[in-house]
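Participant: Spelled out, the chains give:
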Amino acid sequence: MIAAGAAHSLSSFPVLSALVLVPVAGALLVALLSERRPEFVKLAALASSVATGGISVWMLSAFDTHESGYQFVSRHGWIDAWGISWHLGVDGISLFLVVLTGVLFPLVIVGVDPHHDEKRYLAWLLVLEAGVMGSFLSLDLFLFFLFFEIVLVPMYFLIGGWGYDRRVYAATKFFLYTMFGSAFMLVGIIATAVLARRDVGYLTFDLVQIAEKAGFAASTGRWLFLSFAVALAVKVPLFPLHTWLPDAHTQAPTAGSVILAGVLLKLGTYGFLRFGLYLFPEAALWAKPLFLTLAVIGIIWGAVAATMQTDLKRLVAYSSVAHLGFIVLGTFAVTSQALTGSVAQMVNHGVSTGALFLLVGMIYERRHTRAIAELRGIQAVAPVFAAAFMVVMLSSIGVPGLNGFVGEFLVLIGSFETARWWTVVAATGVILAALYLLWAYQRVFHGEPDDANSGFREITAREGALVGVFIAIILFTGLYPKPMLERIEPSVDRLIEHVQKRTGYVAPDHPVGADHGSDGEGGD
Amino acid sequence: MGPLAFTPPAVEFTDVLPLLIWLGTLCAVLLLGALVPAVLRGRYALVTFASAVAVAVQQAMKWSDLGSEPTGTALSDAVAVDRFAVLATMVIAVALGLVAPVLHDHLARRDSDGPEPWAMFLTAAMGAQIMVSANDLLVLFLGLETLSLSLYVLAASNRRNARSQEAGLKYFILGGFSSAFFLYGIALVYGATGSTNLTTVATRLQGSVSLAGDDALLLLGIGLLLVGLGFKVSAVPFHAWTPDVYQGAPSPVTAFMASAGKVAAFAALLRLLTTALERRADDWRPVVWALALLTVFVGSVMAVVQTDVKRMLAFSSVSHAGFVLVGVEAASHGAPGLSSSMTYLLIYTVLVIGSFSVVTVVAGDSDDATSLSDFRGLARRRPALALGFTVLLLAQAGMPATSGFIAKFGVINSAVEAHSYVLAVAAMVGAVIAAFLYLRIMVSMWLEDADDGDAPRVPRATGAVIAVAVAFTLFVGVFPGWLLDAGNLVDLFRPVAAPQG
Amino acid sequence: MELFVFVCAAAMALVGALGVVSRSNPVHAALSLVLTLFGVAVLFVQQGAHFLAAVQVIVYAGAIVVLFLFVIMLLGVDRAENLQVEPLASQRLLAAVMGTAMVGLLTAAVLTSDSAVVRSGGGLNPATVDSPDANLRQVAASIFGENVFAFEITSVLLVVAVVGTVVLARRIPAGRDGGAE
Amino acid sequence: MAELVWLVPAFPLAGFLLVLLFGRRLGEPLAGVMATLMTASSFVVTVGVYLDLLSRTAEERHESVILFSWLPVGGLHVDMGFLADPLSITMALFVTGIGSLIHLYAIGYMHGDPKFSKFFLYLNLFVFSMLMLVLGENLLVTFLGWEGVGACSYFLISFWHTRGSAATAGKKAFVTNRVGDWGMMVAMFLAFAAAGTLSYEGLNHAAHDGRIAAVTATGIALMLFVGACGKSAQLPLYIWLPDAMEGPTPVSALIHAATMVTSGVFLMTRTAPVLAEAYPWAADVIATVGALTALFAATIAVAQTDIKKVLAYSTVSQLGFMFLAVGSGAYVAAVFHMVTHAFFKALLFLGSGSVIHGMHHEQDMRRMGALRKVMPVTAFTFIVGWLAIAGVPPFAGFWSKDEILLYAFANNRALYAVGVVTALLTAYYMTRQVIMVFFGDARWHDRAEEHGAHGDAHEPHESPWMMTLPLVVLAGLSIVGGALQLPFSKSTHFLEHWLEPVIHGSEADIAGTWAHDNKWLLLGLAVVVAAAGIAASVNVYARGKGTPVEPALLAAGWRYDAAVSAVVGGPGRKVFQGIADTDARVVDGAVNGTGSAVRALAGVLRRGQNGFVRSYAALVTVGVVALLAWFLVRGVL
Amino acid sequence: MTLAAIAPTASWFLVLAAVLFSIGTVGLLVRRNPLVMFMCIELMLNAVNLSFVSFARAHGDIGGQTAVFFVMVVAAAEVVVGLGIIVSIMRRRTAANADDLSVLKG
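Protein chains in written order, with our numbering: chain V, 125 to 648; chain S, 7 to 507; chain D, 17 to 197; chain B, 36 to 672; chain Y, 8 to 113.
Next comes chain V alone, as it looks inside the complex:
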């Protein structure tokens, strides 16, 4: 049951294509404008990103909540020789990631100014936006890979061109590491399409066609899945493939870090849902113990490593490793709550960690250091800034009532049913999250400010407005996540149904009255 798109008033308008192409056009425009008129350059960049954001928000409002299939589908033949089409669509799984992308970019364009070469910077940023949008919207394996991979280029230049002291190292590591993973996925994608040809009847890279029609032999499916998994795990990043992330995050300019944490990492986790689980349900279930274990190790490991960091940005980067571990945990637990939680966590982590990076960037702007040891007593001189940081931090810790909790809790409670012990261990991550963030907060914000920090400038109106948007999202989502969850869930349930149909797996469903606790859960 492939939905042909919800009924919407502007049905003829190619919404999704516009989401990809508007930033591209913006990038071209920015590139062509003269560097001598920086205000036009900025205006053009802003206009295209705001337009994209506007379209995404409009799409959100027009999204049919009860429809579980793909909406706003846009499909055109592209490379017929290989059965590749320009096939875009959005469902509950990608919806909020698309909106997040659409909203995040204008915010960072407004909120963060590069120190030099603004024109180039903006052009790359817009290319990046197009790439990310494309990745989330693609329903064609080739198309997905194309966007997935192309994202590396603008990010490479953003880190390398506007980053900090070890930027080239970090950018190169990011690029090569991710590309290394993609190498496997490309072969996997092609093999998937080629092997699916027998069942589908013709060569196609169309995700839906392959997923719905093709069945792979168990061992084949596993190999294919693993080839995808390597690339996605690097992108997530899943322990032990995560070490590019701290470097990339630390060295990236603020906007780069925000985007990287906000949406780029989600390409990996999103990919696991969209391609791992959907295409190879049997293999995904087969690999479940491995990925659950890695996810849990990642949660603990990332948190522990974060605790001992001396660089504030690096600390936040490691916290991402831990947070994304939760998402992977939820993904492989394959229950309605866990998957919904995973998707929600993708968005929420994007918001809260994005905001954290923004704030850390502001600290750097003021103090020109990210070393925790150099910072002290900021709360005394900039209480509002500290308060903003605190709210965002609590969201990251997963305090209920803030958005970070929603995804994390759903993931855990959902995963508990199918991955009991992993979840119990993973839940200790919430202790560690409090530990490393509060410790860092204490060292940076508490205490008596020394000379270097006593001149710390309070948050400005522009910064305040920017952070305010994030905090508003954090609070709203934390207190009233229902609008989000009810859009995510139908698609997630559809995915689970697909998995069940394919594998005979039975997801725990509405366990009211059922008692699963018969296998010795007693002691503590």
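In case anyone wonders, no lab produced these hints; they're calculated from the structure. No residue lacks a Cβ here, since even glycine has one placed at the ideal position from N, Cα and C. Some clues are possibly wrong.
[Said to hold, decoys possible] Partial chain V-side listing against chain S, Cβ under 10 angstroms, derived:
#	residue
1	Asp204
2	Trp206
3	Phe266
4	Leu276
5	Val277
6	Arg291
7	Val292
8	Leu300
9	Tyr301
10	Ile314
Chain V is fixed; fit chains S, D, B and Y onto it per the hints.
Facilitator: Coordinates of chains S, D, B and Y only, in the frame set by chain V:
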């Protein structure tokens, strides 16, 4: 004795029209250049370019003609007439057409205005064309020598530059050495089958009963043929000349070597292996497999530590050769390796000429400012040039939305179709290693500041070539359909299909 | 008789070949090469390739080797090469091993190819049956018949040789002799 | 009225928002006044709800108010809703009641603090969170409040964050609490897995109907207990509470004595049916932990010199009593003691705050003494609190403590013995405190002299009325609080009747046991014990007979805290650092190592690319031989 | 059977050719004078020629001899070009041997 029955072979000139066009141009260039130098002075590039266009157009027409006619051979089976040859010839023509403007600017800097370099380029193109259509090992050998001798001379042609001379001598000695092996291979194949004609060899191998005992000779012959062509395509371990020669030779010559030279050698290799030696695929496939793997990896790995851009691109071209060999390996399974290899070569031709054109520009008048530090801060000095080079480099790295990705995708696709998964994965991993080198160049251009603000002069013709290359790279990256459709129409003349003894 | 001729000619060829490799003076090496060429010419005759034998002597020994000697004299490089030292470590060992291996492999291939084709040594050679110029006629028919295209290509090859020498021998335009060394 | 229960937390929330937006403009004391009014309004609404419930029959004494659906995913339906029933309203009553008093008190106490309005901001937020905790319709809303009070506790402990110790204490409290939160989360997972719901009603019904297997129920109960241990400062997680005294004293009174720390007891009572369904040893575990904590903390309190530290350890000890009650099935007694404890411990803390205030932030009891003369109101009320906690009849503490001991006796006599010893110690150390602070010689002159010129300014003085009024009110409650549940006859078990609908079926039935039959004997014994403790203390500290027994080991809290710190700061930190280093050296090292390996390999290969044409030729030859060998093998074999 | 009666078969010639070819190969590897190296290539080509002729006789096919003819043409052209390159280098550096030309490396 009776008079020997001699029937002169039928000669259909249209089958060798590209050769005739270039031969005519060659004569015109030489004669006019020698006799009335004023007529053509400064216009050799134009004439050469025109000849390349003429060949391309003629071949395009032939392409559509071949749609209705069956493929076959001409000139007593010495030449194959098929779309494979047509496509390869077109690539060679494209290479010649693209290099000509660059060479023009390059020679202008060297104050060299004689017709001789142009004549050498034309003969090289002819040699290459002969190779791609040769249906006889002897013809192939002669084409190879025509191409090689021209390139030896061209490599050594910058006589003010000791490196050019060294490159020429090294290329010559090693080239002669490998030609000898190739020739020995021909001899052994001849000894085993009694013919040097690919069609005949193929038919004899089909009825291989009578050849049971000659396996060893045949197989060693195949091995030596692989050595000869492997040398030309710079497959590891026959690649050692490549970096030295590419670095030392004048940049436009390097561009032509890396494009037309490779296309010719690969076309010959593909034709040889998949027509004449198709029956022995099980024997040579593992060798190609190993060569492909070695080539991709050694090329990529060694590129990592280079400090000279030309040398980097040389090693990268080794790595690319490995990729094409992946396609060749796939072709042994009857997978779409043939078309994907040729598509790869076509795309790579444009890429590599574009890249070396940039190098030519940056290298300056003495053609030796090619170290990585000479590219430092290029983005600030010449942003458009740097951007163009970046696109070309990204394409070489196989980034999507560029032609390079289409090329790699095609080859990997055919490898997967052939179930050569290990090779496909290994090649992709090799590509990742190779990506490091492109990143290094980009780092130099974009992320490091220049020591001095000297912006290299971009001659108009070279600039146009770079622009065309970049445009093509991006266009094919986004709209590859037509190219792939064309590639899928590529077919080889096969004796099985032709009822011929 | 045939054996005697073979052995003598083979000995000539081998001695000459070893001479090329081992004589330190390039002039001596060139003269050794002539010896080999003659030996091979004899073997050509023995196998009925009269035309080729003639060309071998005229072109190869007569022209090519003379050209070598001419160049040696022109450049004045007839000093002996010091063969006692080998700057590249283990190059000689490698060469010896590889040479031996190649001989072994090729010989093994020849010897295992026991089909009639290779063993037909004393077999009928139509080239020598009918008339003294049969070989010539056959070669001619082959060259201008089925191999006419190859023959035409040789013309291009010769053009390359001629123009190539021009390129290489032309005087370097005066003035900007910067790139050398 | 009960359907308006949502107004109860709404007022403090409104107060929080108002102070957040206008706090600075309102300034001192308006911000405090408004916050106090909001809490008081909340109290008024609570009373209204209480009266409404009271007017209903026992079966109808509960009202769920669902505001909106919070986390609806698949089978999981979590609503943002409130449950008004006897238990939650009892909690809400004293939370808002005592909360209002403490707000009022704080207006005086925080006078002059530059962050005056911010203090009330946090305080209101805390009250709001605490009300969410107690009024929550399901475990998750409770958890929201649970974490909210944790966060507020963190804010308030580290209120004077420029002081390093305060900042550290706040962090310690949060992180330690999080350990407990982990348990609570796991309990929720189990509950959802077993019962398919997180709502108390659903869960308790499921447990009651036997739809939850004993093993699962045990898991849930113990995991909830882990959570309770964190929040209610039980062994082994109590360590944060003594440090929490870094916060302003009203905070200690409100959060760390009266309300937040009792939420663990509340939670266990709330889910009583689950524990009832669990294996019997689960309850024993709880009772044992409670009893041991009670004794353990009491021994430490004996040797403390900081006026607040004594009270802190006393709080831990009293909370232990409550868990002893829970573990003994004496839920009514637990709630009873919770309420009375809220009264007298808040009173004691506020009293100590008044002393500290009057002493200009001096907390060391060794520098006090004879304060009854300068601070009569404070002294009087403090003495009332002392009598209450020491278990002197007819003060509130006597009745509630005795009720617990009664059930403990019925349940497990060893634990009863522990309880009695603890009661003895409690009487002893509280007497010691009262004597050290209010009687004996005035040792505070030394301090004034040290500071020389400011002598006058440092004279202890009585606190303003805003501070003494709450003291008086709480003193009154501490005296009469015992009337909630008097052991004289079934009909004087007011609290038991009130709570009947909540704990029905879970409460241990001790009728017919020896303890029940001889409860007057036990009551008498308790009086004797209290008297003995007081007498011993008076002997030592007032009369100077015998040397005070204050071993350093006890003063250092059995060095437990230090040991934990040593482990965390020593091996713990090393392990963390080890992992971080492993990440950098091994995991990342492998990545960078791959890069280096490629470079090294290139370096090796590069040596072959030596520029010598003969080497290249040799390489070609090697390739030739290799190929020939391969093909020969293929041909011959 | 006397020695004289033994007619050398194609194998004899082929083995001889193989040996000659290998000697040429070895020579190229061990000699440093570019001219002599070049002579070694000529040796190799001669060996191939010998093989061609032997195969031609064995097959009774003239094609092999034609091939030799073309090889000779190629050899001639190669010599011209090769000597041209060598001359152009050695005119300036008469003492140059192959090992001296190793600026390009790495």
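Participant: Each hint needs a verdict: does it hold in this structure or not?
Facilitator: Results for each hint:
1. Interface restraint check for Asp204 (chain V): the shortest CB-CB distance to chain S comes to about 6 angstroms, inside 10 angstroms, so the restraint holds.
2. The interface hint given for Trp206 (chain V) is met, as the beta carbon of that residue sits about 7 angstroms from the closest beta carbon of chain S, less than 10 angstroms.
3. Evaluation of the Phe266 (chain V) hint against chain S yields a held restraint, the C-beta minimum of about 8 angstroms falling below 10 angstroms.
4. Restraint check, Leu276 (chain V) versus chain S: the minimum CB separation of about 8 angstroms is within 10 angstroms; hint holds.
5. A cut of 10 angstroms between beta carbons decides the hint on Val277 (chain V): the least distance to chain S is about 6 angstroms, and the hint holds.
6. A distance limit of 10 angstroms between C-beta atoms decides the matter here; for Arg291 (chain V) the minimum to chain S is near 7 angstroms, and the interface restraint holds.
7. With its C-beta approaching chain S no nearer than about 5 angstroms, Val292 (chain V) sits inside the 10 angstroms limit, and its interface hint holds.
8. Interface hint at Leu300 (chain V): satisfied, since its Cβ lies 6 angstroms from the closest Cβ of chain S, which is below the 10 angstroms cut-off.
9. The beta carbon of Tyr301 (chain V) comes within 9 angstroms of a beta carbon in chain S, closer than 10 angstroms, and the hint placing it at the interface holds.
10. Against a cut-off of 10 angstroms between C-beta atoms, the interface hint on Ile314 (chain V) holds, since the closest Cβ of chain S lies about 5 angstroms away.
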